[in-house]
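S.K.: Here is what each chain is made of, one letter per residue.
4 protein chains.
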Amino acid sequence: MTTQSIISRYKQIRQFSEKICEPLKTEDYVIQSMPDMSPTKWHLAHVSWFFETFVLGKVNPNYKSPNEQYAYLFNSYYVQAGDRFFRPHRGMLSRPTVKEVFEYRKYVDKYMIEFLEKTDEESFNKIKVVIEIGLNHEQQHQELMLTDIKHLFSMNPLYPVYKPIEKIAEQKIENINWIKFDEGVYQIGYDGDGFFYDNEKPVHKQYLNSFSISDRLVTNKEYLEFINDNGYKRAEFWLSDGFATVEREQWLAPLYWRKIGDKWMYFTLNGFREIELNEPVCHVSHYEADAYARWTNARLATEREWEVASQGLKIEGNFVENESFHPSAKMDNNRIKQMYGNVWEWSQSSYLPYSGYKVPEGAIGEYNGKFMSNQMVLRGGSCATSKTHIRNTYRNFFPPHSRWQFMGIRLAKDVD
Amino acid sequence: MTTQSIISRYKQIRQFSEKICEPLKTEDYVIQSMPDMSPTKWHLAHVSWFFETFVLGKVNPNYKSPNEQYAYLFNSYYVQAGDRFFRPHRGMLSRPTVKEVFEYRKYVDKYMIEFLEKTDEESFNKIKVVIEIGLNHEQQHQELMLTDIKHLFSMNPLYPVYKPIEKIAEQKIENINWIKFDEGVYQIGYDGDGFFYDNEKPVHKQYLNSFSISDRLVTNKEYLEFINDNGYKRAEFWLSDGFATVEREQWLAPLYWRKIGDKWMYFTLNGFREIELNEPVCHVSHYEADAYARWTNARLATEREWEVASQGLKIEGNFVENESFHPSAKMDNNRIKQMYGNVWEWSQSSYLPYSGYKVPEGAIGEYNGKFMSNQMVLRGGSCATSKTHIRNTYRNFFPPHSRWQFMGIRLAKDVD
Amino acid sequence: MTTQSIISRYKQIRQFSEKICEPLKTEDYVIQSMPDMSPTKWHLAHVSWFFETFVLGKVNPNYKSPNEQYAYLFNSYYVQAGDRFFRPHRGMLSRPTVKEVFEYRKYVDKYMIEFLEKTDEESFNKIKVVIEIGLNHEQQHQELMLTDIKHLFSMNPLYPVYKPIEKIAEQKIENINWIKFDEGVYQIGYDGDGFFYDNEKPVHKQYLNSFSISDRLVTNKEYLEFINDNGYKRAEFWLSDGFATVEREQWLAPLYWRKIGDKWMYFTLNGFREIELNEPVCHVSHYEADAYARWTNARLATEREWEVASQGLKIEGNFVENESFHPSAKMDNNRIKQMYGNVWEWSQSSYLPYSGYKVPEGAIGEYNGKFMSNQMVLRGGSCATSKTHIRNTYRNFFPPHSRWQFMGIRLAKDVD
Amino acid sequence: MTTQSIISRYKQIRQFSEKICEPLKTEDYVIQSMPDMSPTKWHLAHVSWFFETFVLGKVNPNYKSPNEQYAYLFNSYYVQAGDRFFRPHRGMLSRPTVKEVFEYRKYVDKYMIEFLEKTDEESFNKIKVVIEIGLNHEQQHQELMLTDIKHLFSMNPLYPVYKPIEKIAEQKIENINWIKFDEGVYQIGYDGDGFFYDNEKPVHKQYLNSFSISDRLVTNKEYLEFINDNGYKRAEFWLSDGFATVEREQWLAPLYWRKIGDKWMYFTLNGFREIELNEPVCHVSHYEADAYARWTNARLATEREWEVASQGLKIEGNFVENESFHPSAKMDNNRIKQMYGNVWEWSQSSYLPYSGYKVPEGAIGEYNGKFMSNQMVLRGGSCATSKTHIRNTYRNFFPPHSRWQFMGIRLAKDVD
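As they're listed, the protein sequences go chains X, L, F and C. Once you know that position 95 of the first sequence is 98 in the numbering used here, the rest is easy, because the numbers rise by one and skip nothing. Once you know that position 2 of the second sequence is 5 in the numbering used here, the rest is easy, because the numbers rise by one and skip nothing. Once you know that position 57 of the third sequence is 60 in the numbering used here, the rest is easy, because the numbers rise by one and skip nothing. Once you know that position 204 of the fourth sequence is 207 in the numbering used here, the rest is easy, because the numbers rise by one and skip nothing.
Bound conformation, chain X alone (with noise of 0.2 Å):
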């Protein structure tokens, strides 16, 4: 990594922060729709606020933030970098208006393209795992503000358009085959040169049982049999936190589905429309994918045995590149096809430590370590996500009820 190919990655991964932005108003930056979501608004500064605290505050003592109080209001839960603004409340804020925010993104890239350019090697050395956490973080920041503004407008009924649909050409989905992989130890864990989260490592070796991976991803069409065959008032295919969650919240289906009449319609960042069935099924729960695997007497896979069955493989597929914004049925090149993009696969693993993990020094140490609490992993990325943000050892974590992000199910089976 040199500083040329790094300004340029950091000049790319910026603008599309605000590209994501073009679609929306003033007014679309501001709200927050629920406690776990933030407005764009907040989205764009805080990322901004990241390199400002960790890059420019160390690197440049000269460095003056154009407003105090923006360390206090974008700071997102790094308690050692300083008191924080209170989460649920950053959709009060109607100032630093939307304006003011992206002065302040210029603000802070100035000083950071200003940096790049004239730093040596060895200062550059010290700060270029910052900056690349750094842009990581924004790339993680953009697939949030897609995901956000998708709740935000559901919220709406004027269903306000993200994106206008093009026609969808037709996909021919075909039977799942199921990839048989061999009991024995193997190694997990991140093991290459490029960049990597602390929680990927230690690389470290583990013992798994032979076992079967589905070739696709579960569609709409094969959730609504489950769907259709009551599947939401069945207790014997639920966890139990999960069959509480469906009776205390209501659930009939994924999130941001709808019945009209004898349709079933879903909101999407292109419009409300009604599903296409052969698409991988979306904005599920771990709750929920898991009770789907079981009703098909199938299960989940664990995060280690997803990560075996996609060593090897292409990472090609639905990312946010196509700016399509929503799953498709088309199909990659790969043996084990949808494995990358599409739809963030959730494991049947909770989000822990490997073995040998070791929390890193300092507010950056807050970046994975303190969320290995009440979380399952989801592997693969997805429509919302960049195809350079994606590794085959990639943990992303949300809490069991979570489905607001572009979550899906991929099935696996123990092998006898």
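No lab work stands behind these hints, which were simulated from the structure alone. Among the clues, some could well be false.
Repeated chains share a single entry, so a pair holds when one copy, or any two copies, can fit it.
[To be verified] The calculated lysine-lysine pairs, modelled on DSBU-like cross-linking and capped at a C-alpha distance of 35 Å, are:
hint: 1; residue 1: K14; residue 2: K170
hint: 2; residue 1: K131; residue 2: K236
hint: 3; residue 1: K224; residue 2: K373
hint: 4; residue 1: K61; residue 2: K131
hint: 5; residue 1: K113; residue 2: K28
hint: 6; residue 1: K67; residue 2: K266
hint: 7; residue 1: K373; residue 2: K266
hint: 8; residue 1: K131; residue 2: K373
hint: 9; residue 1: K236; residue 2: K67
hint: 10; residue 1: K262; residue 2: K183
hint: 11; residue 1: K416; residue 2: K129
hint: 12; residue 1: K317; residue 2: K208
hint: 13; residue 1: K262; residue 2: K166
hint: 14; residue 1: K67; residue 2: K262
hint: 15; residue 1: K170; residue 2: K131
hint: 16; residue 1: K236; residue 2: K361
hint: 17; residue 1: K129; residue 2: K166
hint: 18; residue 1: K175; residue 2: K67
hint: 19; residue 1: K102; residue 2: K121
hint: 20; residue 1: K236; residue 2: K121
hint: 21; residue 1: K333; residue 2: K22
hint: 22; residue 1: K183; residue 2: K236
hint: 23; residue 1: K113; residue 2: K266
hint: 24; residue 1: K208; residue 2: K340
hint: 25; residue 1: K361; residue 2: K224
hint: 26; residue 1: K61; residue 2: K236
hint: 27; residue 1: K340; residue 2: K28
hint: 28; residue 1: K109; residue 2: K166
Add chains L, F and C to chain X, keeping to what the hints say.
M.R.: This is chains L, F and C only, laid out in the frame that chain X set:
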């Protein structure tokens, strides 16, 4: 009331709503900072919906709303006028945009003016009461727009300024004089020819014991003595529900007050600044007003005492037309001062129907009658009320824990 | 009132509390089935604590409580009498046991009787008002014990029976007659020589318009017509808070009613059984009473109208002394029937101080005044009230959503 | 397992449940002091319902429950066994009385013994696994009865004593020794001939890195150093959910600890008293155990490390048979001490199915599998566990915030 005079009042009142918005940024129109509060955008649209639904929809068979969903989005609580969007979700709507809402206003105005210019006297007479209600209704929402914006801005650590403060002239305050009224049968309720709300009727007789009323409002200085005497910790002064509220909400002072070091500061529409001691105390709940009064060995006036005491006074004082948007220590020329404007004055009367009150038929009948439960009456208008809107029989009402309106305290006493 | 007569009343009232407990098992004394309700054990101890604290603690310097912690555990809300155990945790206390509570009662009784037998007239005169309050207070808790036990039993799918039902004689019901009262100045408030609560004073004048009042209570049959006319779904009859409560609580009928197949059943202290159509409707909130009245084009009486209407009637009816513990269709011999006993009658008056009311000094002053907020007045007593406890000036009060007392409906009307 | 041996175990275990109740008053059986906790009466009936439903209902076509509603009232969570009474309402039931519950137990025992005495081997073999589950199930509820009674008593300001304390012999505590285990493939899961729960199966291989484990539990003294080092205020040691829980619940120390003046006291089943410094710390959540471990630069063991470390140790320690009902500083004779009894040891493993796990068919299948979500594994049993109930493969599980069981801390470490 002629059509010409009503056209002129219509234009003036409608324009004043937009004038109130001049200091706002687009982002300020969107947010709902608490369930009782509505975004400015919603207020602007709702008052237009009122004219659309209750006037244009009745008098103009060809009238079509610019968007059919507005009837759903901008109905506040008129059950008989159709379904309503869930009130605490008003802040979930980024669309229609602010621009679209202003266009909606123009559209309604065009049809309203057209109607008023062309209508004959008979048709006009049938609908003129409703138009008057619509205009008074818009004036009420102008007041809410100001108090709601104040609440929103107060949540923001950047403390946005609605209107910068000018130098405040120092005012001297005299000791309280107690003005006495004799025992006897009094007439209560609106008995004139102008506009009135249904809840001010019917005129009826009321036997009152002799009483005295203070000739001015309670000041910040006087209220501070209550705070400093540990008033918020001494249950003996409080209604049981009031003390429970104090403990649950951890109230230590009026809303918007904050102690910084040794100084009491408050958030105002003119910015965050040190309190002025001689100003009328403001943003207190009925519970606080009642407890303060007991602490002084006095009490609040009943609404009928207030009405009797205000008979014959000139309607002058610090109203919204002053554009200070804040209570003032300045006195008017009446025998009993500050009865009008500055702050709404809590009475000790529950909001109940007058003897013989009948709820009007149809959706308009939902205006007042159905709120006659769990509310206390306030009298006299505030610095956010229009001078043309208030009367000495005017009955405002809020739940006893409410504090975000401009609400204050006047004392009364039995005469032994 | 002589000491002899008060000793006899003291014994009789204290014994009646224990008589009410005869049908109970030990387990029935312990549970708090909702935050408003208290375990029987707590009631029995609390009324004894009252005598201990406000009588024995004042007159007998050597008096020591059997357990110092009882003062903390059994204080209800007297802030000035010291700290209190958190009300919603009253059901957390398995100890003191029921046996220990009965011993506590005996202990207090011993000291009370001893004091009353030995005291001289002067000492007695100083304290006799407090003793009278203590006795009336215990009678109030006797009523609560019955309504609280009813609530507890109703939660149990085994539907325990407090007192088995005897054969109910069929009763015929006449059509309503409207009894008219003339316009004029009336005197309101207690003006006799006996015991009264502070809230019944001072005697004062009130101007009333002419009104009519129904000569009997509303029956189950009449109320069923309201239910069958879809009354619980039609917002136009309801106060706004009332309809919100109906929707939130999913009310479809009075408390304890349950539709089994085609039949309306209710839970009573005599067991779970089919409703009797001619009985007065019971266990309705103020909201339901008010909505029912509107549906009939009538209204509830104000508390002052009720008081005027009841002047001169004989206090007779279905009281707790009947030991039926349920309203009855049987009529008394008054011109206006069922004014006393059977069910407390909701008025349309908020519970507010009478003109000139002063809160008494000290902890006893917390008895009534501090509850004058968010409550509605009820009049006339119920089938759980002692005949010796009620007066025509007696003001009972509960929040408008309360239904677990024996509460019912009498209609009134304006006279045009 | 012969019928004779099972009859004897059946009697012994059933009698031990009743022995646990000997110190209780009738009132103590009734109350539910928090939603997770159940009244003793309910436990006693529920374990009998288990035999009634899963044994007698299957083997005896003429068996009739003494009350048809018991099946509804005393089902805990077996969805497939029919409807259940709402769990948080278990404390609403004053009936059936304690006496009736004991009669219910006798009734079930009579039929169970009769069946066991008369059955032939073939019939017995079909049902014996279910009987074993029933007995182990009752032992689990014996532990819950003790921890639930402790919780109830702790809520009472009178601090009832379950069993008075005897003089505690002083114990010396040695410094921690770290016992090392080598890297390699280990076998995990139950591999014997006796009883086991489904979640201990199947036996499978696991690759473990080398690790060290402490040879004794963490003591109160050691934990106090963490408290005194401001451990509850320093976010850097805590999981994010954990710190949020600490702040929300205002935790300052383990459950039942209370600082009186300068001294830390705790509530125990032997009364409220000063803490013993050398005892194992108890009543900490997973969050606290994890934060403590980080503060010492160690970590918790995984459940598989714990299982490997405990292989070959003798099952001895402070179990419920000791009847101290409290952890003890006394050491056993194993190389690694206090692995069994005293306190359940939090692992850092989420409760998940072992590779190849299958949920058994039918209602019995609801015993373990459906709880595999949002829970952490604990190992080794406590002072409230029966010595005959525990195994080194035994997997207990609770949500990470739970503290009311006897739960404590053992440290582990990576070996570099």
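S.K.: Can you give me the call for K262 and K183, within, between, both or neither, at a CA distance of at most 35 Å?
M.R.: Cα proximity of K262 and K183: none, with 38 Å in one copy and 58 Å across.
S.K.: Given a CA cutoff of 35 Å, do K236 and K361 count as a within-copy pair, a between-copy pair, both, or neither?
M.R.: between (43 Å within a copy, 22 Å between copies)
S.K.: Checking an output row: K109 and K166, CA cutoff 35 Å. Within, between, both or neither?
M.R.: Cα proximity of K109 and K166: in one copy and across copies (26 Å, 29 Å).
S.K.: For K224 vs K373, is the C-alpha pair at or below 35 Å within one copy, between two copies, both, or neither?
M.R.: Cα proximity of K224 and K373: across copies only (27 Å, versus 38 Å in one copy).
S.K.: Treating 35 Å as the Cα threshold, decide for K317 and K208: within, between, both or neither.
M.R.: Both, since 23 Å and 31 Å are each at most 35 Å.
S.K.: Indicate which option fits the pair K183, K236 if close means a Cα-Cα distance not exceeding 35 Å: within, between, both or neither.
M.R.: within (33 Å within a copy, 50 Å between copies)
S.K.: State whether the alpha carbon distance between K113 and K28 is at most 35 Å within one copy, between copies, both, or neither.
M.R.: both (26 Å within a copy, 26 Å between copies)
S.K.: How would you label the pair K236, K121 (within, between, both, or neither) given a Cα cut-off of 35 Å?
M.R.: neither (63 Å within a copy, 41 Å between copies)
S.K.: How would you label the pair K175, K67 (within, between, both, or neither) given a Cα cut-off of 35 Å?
M.R.: neither (57 Å within a copy, 46 Å between copies)
S.K.: Checking K333 and K22: alpha-carbon separation at most 35 Å within a copy, between copies, both or neither?
M.R.: Within one copy, since 25 Å is at most 35 Å while 54 Å is not.
S.K.: Using 35 Å as the alpha carbon limit, work out where K340 and K28 are close: within a copy, between copies, both or neither.
M.R.: neither (37 Å within a copy, 49 Å between copies)
S.K.: As a check of your reading, is K67 near K262 (CA-CA no more than 35 Å) within one copy, between copies, both or neither?
M.R.: Intra 53 Å, inter 29 Å, cutoff 35 Å: inter-copy only.
Consistency note: the structure conflicts with the earlier hints numbered 10, 15, 17, 18, 20, 23 and 27.
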